[in-house]
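2 protein chains.
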Amino acid sequence: MKFETDEFVADRIKKLGEKVTTDIFSSTSPTFNLPVRAASNIHYNKDDGLLYLGTNRSTRDFFNFAHTRKFMQTLLVASKCKELIENQKTASIRELYYELKHNIPGTKENTFEGQDESDPLIEDLETMTDSLREQLHLKADSSGILFGKLIIEDMGDRIDCSKLGKSGLAIPSIVDDYKFLQCDADYVLVVETKAMVDRLVEEKFHLENNAILVGLGGQAARGARRLIKLLNERLKLPVYVFTDGDPWGYYIYSVVKTGSMNLAYESKRLATPNCRFLGMTMDDVDNFSLHKVTEHLKDVDKKRINQLLSYEWFKKPHWVKELKAMLSKGIRIEQQALASKSLEFVAKEYLPQKIAKKDFID
Amino acid sequence: MKFETDEFVADRIKKLGEKVTTDIFSSTSPTFNLPVRAASNIHYNKDDGLLYLGTNRSTRDFFNFAHTRKFMQTLLVASKCKELIENQKTASIRELYYELKHNIPGTKENTFEGQDESDPLIEDLETMTDSLREQLHLKADSSGILFGKLIIEDMGDRIDCSKLGKSGLAIPSIVDDYKFLQCDADYVLVVETKAMVDRLVEEKFHLENNAILVGLGGQAARGARRLIKLLNERLKLPVYVFTDGDPWGYYIYSVVKTGSMNLAYESKRLATPNCRFLGMTMDDVDNFSLHKVTEHLKDVDKKRINQLLSYEWFKKPHWVKELKAMLSKGIRIEQQALASKSLEFVAKEYLPQKIAKKDFID
Numbered sequence: 001m002k003f004e005t006d007e008f009v010a011d012r013i014k015k016l017g018e019k020v021t022t023d024i025f026s027s028t029s030p031t032f033n034l035p036v037r038a039a040s041n042i043h044y045n046k047d048d049g050l051l052y053l054g055t056n057r058s059t060r061d062f063f064n065f066a067h068t069r070k071f072m073q074t075l076l077v078a079s080k081c082k083e084l085i086e087n088q089k090t091a092s093i094r095e096l097y098y099e100l101k102h103n104i105p106g107t108k109e110n111t112f113e114g115q116d117e118s119d120p121l122i123e124d125l126e127t128m129t130d131s132l133r134e135q136l137h138l139k140a141d142s143s144g145i146l147f148g149k150l151i152i153e154d155m156g157d158r159i160d161c162s163k164l165g166k167s168g169l170a171i172p173s174i175v176d177d178y179k180f181l182q183c184d185a186d187y188v189l190v191v192e193t194k195a196m197v198d199r200l201v202e203e204k205f206h207l208e209n210n211a212i213l214v215g216l217g218g219q220a221a222r223g224a225r226r227l228i229k230l231l232n233e234r235l236k237l238p239v240y241v242f243t244d245g246d247p248w249g250y251y252i253y254s255v256v257k258t259g260s261m262n263l264a265y266e267s268k269r270l271a272t273p274n275c276r277f278l279g280m281t282m283d284d285v286d287n288f289s290l291h292k293v294t295e296h297l298k299d300v301d302k303k304r305i306n307q308l309l310s311y312e313w314f315k316k317p318h319w320v321k322e323l324k325a326m327l328s329k330g331i332r333i334e335q336q337a338l339a340s341k342s343l344e345f346v347a348k349e350y351l352p353q354k355i356a357k358k359d360f361i362d
Numbered sequence: 001m002k003f004e005t006d007e008f009v010a011d012r013i014k015k016l017g018e019k020v021t022t023d024i025f026s027s028t029s030p031t032f033n034l035p036v037r038a039a040s041n042i043h044y045n046k047d048d049g050l051l052y053l054g055t056n057r058s059t060r061d062f063f064n065f066a067h068t069r070k071f072m073q074t075l076l077v078a079s080k081c082k083e084l085i086e087n088q089k090t091a092s093i094r095e096l097y098y099e100l101k102h103n104i105p106g107t108k109e110n111t112f113e114g115q116d117e118s119d120p121l122i123e124d125l126e127t128m129t130d131s132l133r134e135q136l137h138l139k140a141d142s143s144g145i146l147f148g149k150l151i152i153e154d155m156g157d158r159i160d161c162s163k164l165g166k167s168g169l170a171i172p173s174i175v176d177d178y179k180f181l182q183c184d185a186d187y188v189l190v191v192e193t194k195a196m197v198d199r200l201v202e203e204k205f206h207l208e209n210n211a212i213l214v215g216l217g218g219q220a221a222r223g224a225r226r227l228i229k230l231l232n233e234r235l236k237l238p239v240y241v242f243t244d245g246d247p248w249g250y251y252i253y254s255v256v257k258t259g260s261m262n263l264a265y266e267s268k269r270l271a272t273p274n275c276r277f278l279g280m281t282m283d284d285v286d287n288f289s290l291h292k293v294t295e296h297l298k299d300v301d302k303k304r305i306n307q308l309l310s311y312e313w314f315k316k317p318h319w320v321k322e323l324k325a326m327l328s329k330g331i332r333i334e335q336q337a338l339a340s341k342s343l344e345f346v347a348k349e350y351l352p353q354k355i356a357k358k359d360f361i362d
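So the protein sequences, as listed, match chains A and B.
Each residue of the first sequence is one higher than the one before, counting from 1 in the working numbering.
Each residue of the second sequence is one higher than the one before, counting from 1 in the working numbering.
Hints are computed from structural coordinates only; laboratory data are not their basis.
Small disclaimer: the values here were computed from a predicted structure and weren't measured.
Keep in mind that the hints are not guaranteed to be accurate.
[Unchecked claim] Okay, derived cross-link-like pairs now, SDA-like style, lysine to any residue, Cα gap no bigger than 20 Å in a straight line: (1) B:Lys341 with A:Asn103; (2) B:Lys108 with A:Ser340; (3) B:Lys348 with A:Asn87.
Bound conformation, chain A alone:
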């Protein structure tokens, strides 16, 4: 999928504005028509393995008193994003709120009272213009870290990600402008915890195995998800995901692979449907004799496992078997439990064996 240019996105915002002026000059009520972003309108597409928004749409009508304030706010957000694009600036979604917050002259009304009013309108604008918020020049919170034999150009700087010691590159919120200058890596290993990435870097796993390591630090931030997709799509690198053996880790994997429910309209740009799950699994507990270092499931874990079992994209024989085994054994297992073998074990035995045997779940 092509990532549209700034001009293209700015033009789509302009068209929204033109629609409003056309409505006004033809003496009809100005309206926006936009997709419904509720769970009822989210569908899993088995063919490409992604979550999508369905076709239900709603209308925002300026002359409907209940819509008037939101209509005005939508135009403010759209106008500011167009300005950001034209001025080649980016803003955090909190900055956007503060930039737009002001008193409406001659009234006691403020344009916005809280960020909870502006955030959903950003999502509306994304769906209406069929673009990512990063294309609207808006930044989400960033999180994530990268190591490996990859040379990136970022804002004119040439960054060799194999020469960043044990520190690594902080993954920013916007990565679409990265140029991949050179890549000597064979695959991308996405890792749930930063502590596990530290371990792998200490063992020089990334250098000895030609792996690009992406550490998420919990749930994957948008910048990290987009970067994983770009590495897969542009550099044709396979992507393996390595999380804790628990429902929380499995959901992190599913967000990287399938998309997330509240950002279903962006799956196509953020998700990597051909990524593969490497571990930890219940079979690992047996195969690597890790029984002593499992943890007992808590009620909240069991509840989450049952939730996953109800999601359509987990209704595959391998995943159902895995989740049910977890329930019947009553245990979960962490990445770092592999340290019970030895600190080097994960880098010298566990990962190389799993990758060589292609012992993955899809």
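Following the hints, complete the assembly by docking chain B onto the known chain A.
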């Protein structure tokens, strides 16, 4: 303060072990003597502006049945840390737990049942050997980001922190092995939120003002605190702290400056007592006409302000005035509220003006 070599720290652990064998061969009960780490034993030293542990000590006695398990665990932790140092390995505190967790032969007892058993013993070992956990080759969670005209050597890699685009260097947990090869910066600006660092990098603030930017992403992690201290101590750079104008931001500043209550035994190595607070302040709200973009104090904010007022290290006229002004106005102000002026305002006017006027609170 000198950072002791690995040999020195390993030797202090060895001396703990020798004390135990001496006790055994002289037929007395093996004991450890260690400082009490409770709030009652934490003191603020006005002279150097740091939090310290007091002189209260307690004894851990192998033949006291209530102490036996902890005594055994303390020896396991000490022994593993000595091994890590000697093998030039580092481990996360979670890995340490998994490495030491095993069944005690001939019993149904495990050495450790949870990480809540091993973590406090790490703190015990730090105080007993008068060393940081990083010197024991243990890693805490890392967080934080760095940009600026600074060239670092990390694990043999030469990293120019002014050539990392908008991505930046991820600050690891252990930074004592950083070599500072070259520094063309005039000061360090410590920033509470990563989003604000993004803003400053987009405006090229760090390059145009010769500033090293350290983004904390909330409360300062140990690695970031230690790095700020090293930049101040080794490179003689002044340190300015820029947080939200609320009690949470002010406490972040006080941890960087004075130390934290639960790590009071490490203030000397982690805190930077001569750092200065730049903003946001209640005076900023007036001086920069920001009344429209303040937030109302919630009960939890008010409670926290009163807590800060009770801490000895906030009992300075400037801080008391600041905190009371916040209470009487009933408002707080965020860094990102400066965007209401314009996105560039913070980089082109606010920070340069405050720094030129030396408008700081100490």
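Structure-based check of each hint:
1. B:Lys341 with A:Asn103: This hinted pair holds, its Cα atoms lying about 14 Å apart.
2. B:Lys108 with A:Ser340: 18 Å, holds
3. B:Lys348 with A:Asn87: 17 Å, holds
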